[in-house]
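Chemist: Listed below are the residues making up each chain.
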Amino acid sequence: MRYLPLSQSDREQMLAKIGVDHIDDLFRDVPPAALLEEPVTLPTHMSEMALDRDFRSMAGKNTAAGSVPFFCGAGAYRHYVPSTVDHLIQRGEFLTAYTPYQPEISQGTLQALYEFQSQVAQITGMDVANASMYDGSTACGEAVLMARRASRKKKAILSGGLHPQYLEVVKSATKFTDDALVINPTSRHSVEDLVDQIDDETSCVVVQNPDFFGNLQDYSTLAEALHAQNALLIVVVTEVVSLGAVRSPGSMGADIVAAEGQSIGNGLTFGGPYVGLLATRQKFVRTMPGRVCGETVDADGKRGFVLTLSTREQHIRREKATSNICTNAGLCTLAFTIHMTLLGEKGFRHLARLNHAKAVKLADKIKTIDGVEVINDSFFNEFTVSLSCSAAQVVEDLAEMGVLGGVPLSRLYPKDPDMKNKLLVAVTETVSDADMDRLVSALKGLVE
Amino acid sequence: MTTYYSEDHEWITVEGNIGTVGITDYAQNALGDIVFVEVPEVGNDHDKGDEIAVVESVKAASEIYAPVGGEIVAINEKLAEEPDLVNVHPETDGWFYKVTLCDKAELDDLMNAEAYKSFTDGLE
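From first to last, the protein sequence lines are chains Y and B. Our numbering numbers the first residue of the first sequence as 446 and each following residue consecutively. Our numbering numbers the first residue of the second sequence as 403 and each following residue consecutively.
It should be emphasised that the hints constitute simulated quantities derived from the structure, not laboratory data. Hints may contain errors.
Anything over 12 Å on all C-beta distances counts as not near chain Y; from chain B, calculated [said to hold, decoys possible]:
hint : residue
1    : Glu409
2    : Phe438
3    : Pro442
4    : Asn446
5    : Lys461
6    : Ala463
7    : Val490
8    : Glu493
9    : Lys500
10   : Leu503
11   : Ala507
12   : Leu525
Cβ pair distances, simulated, as ranges [what the hints assert, rightly or not]:
hint : chain 1 : residue 1 : chain 2 : residue 2 : range
13   : Y       : Pro859    : B       : Glu483    : 34 to 42 Å
14   : B       : Asp523    : Y       : Lys616    : 50 to 58 Å
15   : B       : Glu483    : Y       : His760    : 56 to 64 Å
16   : B       : Ala432    : Y       : Asp641    : 49 to 57 Å
17   : Y       : Asp641    : B       : Tyr467    : 35 to 43 Å
18   : B       : Asp449    : Y       : Arg536    : 32 to 40 Å
19   : Y       : Gln727    : B       : Val460    : 54 to 62 Å
20   : Y       : Gln727    : B       : Glu409    : 46 to 54 Å
21   : B       : Ala432    : Y       : Glu740    : 57 to 65 Å
22   : B       : Asp449    : Y       : Gln759    : 23 to 31 Å
23   : B       : Ala432    : Y       : Lys616    : 40 to 48 Å
24   : B       : Tyr467    : Y       : Gln759    : 35 to 43 Å
25   : Y       : Lys765    : B       : Asp510    : 52 to 60 Å
26   : B       : Val460    : Y       : Ala844    : 37 to 45 Å
The beta carbon of each residue, even a glycine, is placed where N, CA and C say it ideally should be.
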């Protein structure tokens with residue numbers, strides 16, 4: 446069988462049929478500047494060994510997270526992933542990115558999803574979780590749409606503490622619906638500020654905990670104010686390890702939790718694929734997007750697993766489906782489940798405490814530098830530092846010195862002059878005392 | 403008090419200006435075990451033919467179309483806990499909602515019990 450099924454005469458016939466002279470005419474909407482005029486100059490062939498050497502030398506131009514002291518977070522966190530995780534997810538029985546199309550014959554996959562849901566419900570303090578979403582930001586977008594279905598109202602209020610990229614995803618998700626978004630500036634994120642904005646048209650308030658700048662808040666009174674108006678509290682969590690140490694969104698009265706699960710079991714991998722967590726209360730389960738795996742018994746009374754509530758999904762309900770999410774980040778979900786199982790409840794809590802303790806240690810060291818201030822009232826493993834000069838420049842200079850010192854907030858808020866000197870610093874269990882000392886001494890040299 | 407039937411298998415019993423709406427025995431039989439009913443909210447103002455409720459059985463989720471236009475004045479709260487009322491008593495305790503009719507002439511397009519029976523006989 447030929448690999449390319451069309452012959453030249455097939456192509457000519459097809460072009461003639463639609464009245465086009467040349468195949469390039471089909472690409473005329475692409476701006477000329479974006480089109481290649483001739484093939485890219487590449488070697489025609491190369492030995493495997495030479496290719497390997499070339500790619501290694503190209504890859505060597507990156508400063509990889511694991512190779513230097515590393516303090517970047519802002520929604521993606523470098524944690525230690527035990528080698529067991531990679532080994533187990535690559536077993537032939539598990540290695541697929543998809544939830545299966547004929548799911549019930551894959552009992553192992555379904556059981557893993559069931560365990561995943563149980564873990565997510567437990568750490569978020571919610572009744573029920575789905576079998577995962579694409580990532581935290583799309584889970585957040587889905588949560589806003591879900592709140593509209595559940596409340597039958599259209600006004601979503603977004604806290605200024607929400608990750609700016611999550612905000613962009615919510616904007617995209619609601620671009621062609623008639624939902625009204627109330628977008629708060631970064632200065633408006635307190636419970637009091639948000640309670641003041643709730644009215645009888647409000648579907649939900651979206652907050653993040655810890656927020657984008659690392660601060661923690663108790664959102665219980667916000668939940669009460671929302672429930673009095675039949676509206677929902679959505680709590681976003683971008684650093685899921687925090688749930689091992691801080692009060693769960695469920696215990697604060699959250700109605701939907703949308704979280705990024707990358708921290709557990711998954712590497713940074715240039716920003717994806719990641720795994721979104723979405724959990725809610727029992728009463729909203731039918732407005733929840735995505736798949737749900739349930740436990741049942743078969744005809745002989747033996748324990749088994751099934752996909753449930755599928756009648757609301759798009760393969761059955763088509764355009765009237767609850768959501769158009771049709772698959773999930775299955776392999777990332779599995780990695781999450783295996784890592785979480787290896788940690789156990791005790792290990793997860795210990796990991797969270799370790800992260801916090803290291804962050805406190807670094808914050809204390811940073812505070813001793815002249816002209817540098819930690820501006821958080823509270824934090825888990827990430828905090829905002831105010832410098833006396835441009836944070837973007839400091840980060841560049843630190844990188845030259847072999848330290849990835851954090852995320853300059855001007856990168857995410859390029860138009861906000863208040864962000865120019867602010868640096869977001871994350872500390873996980875992978876940071877050693879020596880790493881902290883490298884950062885502190887380098888920072889001293891640059892700003893003092 | 404008169405009951406009317408639609409070709410979409412809804413029934414409506416009218417008393418004064420208030421209609422009570424549900425799905426017929428024929429419909430519940432075709433859908434199978436009903437596990438969830440999504441009813442509209444009180445105050446909802448709609449036209450005849452609008453999608454007004456969703457019935458979810460183990461097989462599928464199906465829309466229910468309003469047999470007449472009007473404003474919802476009551477919903478059957480019991481269905482939240484006992485959706486199987488629709489299977490057991492589809493045309494009595496398994497009612498979905500009550501509506502204030504905006505135009506009684508809309509009832510003229512519907513069938514009486516006898517006509518509906520011959521309509522469903524023709525479907526089998």
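Chemist: Please go over all the hints and tell whether each is borne out by the structure.
Modeler: Hint check:
{"no.": "1", "hint": "Glu409", "verdict": "holds, 20 Å"}
{"no.": "2", "hint": "Phe438", "verdict": "violated, 6 Å"}
{"no.": "3", "hint": "Pro442", "verdict": "violated, 9 Å"}
{"no.": "4", "hint": "Asn446", "verdict": "violated, 9 Å"}
{"no.": "5", "hint": "Lys461", "verdict": "violated, 7 Å"}
{"no.": "6", "hint": "Ala463", "verdict": "violated, 4 Å"}
{"no.": "7", "hint": "Val490", "verdict": "holds, 21 Å"}
{"no.": "8", "hint": "Glu493", "verdict": "holds, 24 Å"}
{"no.": "9", "hint": "Lys500", "verdict": "holds, 19 Å"}
{"no.": "10", "hint": "Leu503", "verdict": "holds, 23 Å"}
{"no.": "11", "hint": "Ala507", "verdict": "holds, 30 Å"}
{"no.": "12", "hint": "Leu525", "verdict": "holds, 23 Å"}
{"no.": "13", "hint": "Y/Pro859 with B/Glu483: 34 to 42 Å", "verdict": "violated, 53 Å"}
{"no.": "14", "hint": "B/Asp523 with Y/Lys616: 50 to 58 Å", "verdict": "holds, 54 Å"}
{"no.": "15", "hint": "B/Glu483 with Y/His760: 56 to 64 Å", "verdict": "violated, 29 Å"}
{"no.": "16", "hint": "B/Ala432 with Y/Asp641: 49 to 57 Å", "verdict": "holds, 51 Å"}
{"no.": "17", "hint": "Y/Asp641 with B/Tyr467: 35 to 43 Å", "verdict": "holds, 42 Å"}
{"no.": "18", "hint": "B/Asp449 with Y/Arg536: 32 to 40 Å", "verdict": "violated, 56 Å"}
{"no.": "19", "hint": "Y/Gln727 with B/Val460: 54 to 62 Å", "verdict": "violated, 19 Å"}
{"no.": "20", "hint": "Y/Gln727 with B/Glu409: 46 to 54 Å", "verdict": "violated, 37 Å"}
{"no.": "21", "hint": "B/Ala432 with Y/Glu740: 57 to 65 Å", "verdict": "violated, 30 Å"}
{"no.": "22", "hint": "B/Asp449 with Y/Gln759: 23 to 31 Å", "verdict": "holds, 27 Å"}
{"no.": "23", "hint": "B/Ala432 with Y/Lys616: 40 to 48 Å", "verdict": "holds, 43 Å"}
{"no.": "24", "hint": "B/Tyr467 with Y/Gln759: 35 to 43 Å", "verdict": "violated, 21 Å"}
{"no.": "25", "hint": "Y/Lys765 with B/Asp510: 52 to 60 Å", "verdict": "violated, 30 Å"}
{"no.": "26", "hint": "B/Val460 with Y/Ala844: 37 to 45 Å", "verdict": "violated, 58 Å"}
Checked against the numbered hints above, the structure violates hints 2, 3, 4, 5, 6, 13, 15, 18, 19, 20, 21, 24, 25 and 26; every other hint is satisfied.
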